[in-house]
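**Q** Given only the sequences and the hints, what does the whole structure look like? Please build it.
Each number in the numbering used here comes from the position in the sequence shown (counting from 1) with 1 added on.
If you are wondering where the hints come from, they were derived from the structure by calculation, not from laboratory data. Be careful, since some hints might not be right.
With a straight-line cut-off of 35 Å between C-alpha atoms, the simulated DSBU-like cross-links for lysine-lysine are [claimed, not checked]:
1. Lys287 <-> Lys395
2. Lys257 <-> Lys217
3. Lys345 <-> Lys395
4. Lys10 <-> Lys191
5. Lys293 <-> Lys388
6. Lys250 <-> Lys293
7. Lys287 <-> Lys263
8. Lys50 <-> Lys10
9. Lys172 <-> Lys147
10. Lys217 <-> Lys321
11. Lys377 <-> Lys342
12. Lys72 <-> Lys90
13. Lys217 <-> Lys293
14. Lys257 <-> Lys90
15. Lys257 <-> Lys318
16. Lys265 <-> Lys212
17. Lys217 <-> Lys250
18. Lys250 <-> Lys265
19. Lys161 <-> Lys176
20. Lys377 <-> Lys330
Label-pair ranges, simulated between beta-carbon atoms [what the hints assert, rightly or not]:
21. Ala20 <-> Asn299: 53 to 59 Å
22. Asn168 <-> Asn5: 46 to 52 Å
23. Gln230 <-> Asn168: 20 to 26 Å
24. Ser43 <-> Lys176: 42 to 48 Å
25. Ser160 <-> Thr188: 17 to 23 Å
26. Ala20 <-> Gln40: 40 to 46 Å
27. Leu296 <-> Asn348: 16 to 22 Å
We put the CB at the ideal spot given by N, CA and C, even for glycine.
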Amino acid sequence: MNLNSITTKITLIFLFAFALLIVVFVGYLNFETKQKNIQVLSHHDSVSKYLMENKMPPHGVIKELETRSFKTVDRVQVVLHNGELLMQKRPYETIYYNHKYYFHVLTPHFRILFEDLTLYEDDHSAYYLFAMFLMLLIFIYFWLIKSLKPLSDLKVHISKFAAGDLNINCKSSNKDEIADVANEFDTAVKEIDLLLKSRQLFLRTVMHELKTPIAKGRIVSELVNDQIQKDRLVLIFEKLDFLINDFAKIEQVVSKNYEINKRKFPLAYIVNNALDMLMLDNINDKVQMDIKSDLKLNVDLDLMSMCMKNLIDNALKYSKNGQVTIIDKSNMLEFISEGEKLDKPLNDYFKPFHNETKSKNHGMGLGLYIVDSILKMHQMNLIYDYKDGHNFFKIQLD
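**A** Now the structure itself:
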């Protein structure tokens, strides 16, 4: 039971109200019983005084009491052994047994037990009031719980929205505050969905339009006579084309529209693929790789290569000596570079568009955000450590 739940709190309040109602009702019944007992005892006391003053024989006592709504009882021992003694004034007793009152005459010469047939006043209104208040409490309880039902539905819709599902409809025709919140949330979801679709359309249009001049530039570069310039232009346009494709994948990852395709690849193959994506000159002077493990990872090759490419690119950008070392160690893939320690906790760098503007190499601040997004899609974690003037970014592979 969640004690912080509104439903639980309402249930506890009504349970307390039910218990209080029962306590009040039982207390009132006890009070009524005592009042009735007082009435009976007063009646029996007046009868006993009359009998004592007149000193009647047995047949006279029986005749007198029959005129006062009493009758003799045959099963005397059952009543005497099991009944509750309410009053004892020798030679008379008042006994209560099985919801009936009895008057017991005990003289040295005879004993007679009478059942009191007097109709004493009973207040049945308490039962009606109890039933009415009980039904009212039950009605109000279920009415409130039903009113909160849309809140549970809204919680489910919010959970789906948080998971990236924008195809939800939580509009309500009710007129309460919960319905107002649900309708406002539904409107916000529709607006966000429209903005995301507009953004995706814009990005895809821009990337498509960029493809045309890149393709033309690639063709024109083939007409250059100088081989060195030709190779340089070809490399530039190939890199631009690759970046456009890279941005397309990033857009899909960020918007959670990427359909992941996992297969098993050797760790060294994935790292080499990431290095190829960087298209670096003199790569052997900048990247030192020491991977001895024959471990195979069940990953999406394009995404994991992009993830490692971003880690290598970041390490090179912020390295003091422009170098990065990649090693595998105890189910960890480590990217080590010489440089200053991060100013903030690692989680702060997982936010989109986070950048360090004081750095001359700062970019849009998407590098580690993309890394974190891709690793989460693979149920992996990124760990950061700093020692001896070196930054260690580690991918936990197991």
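**Q** Which of the stated hints cannot be reconciled with the structure, identified by number in ascending sequence?
**A** Those not satisfied are hints 8, 10, 13, 14, 22, 23, 24, 26, 27.
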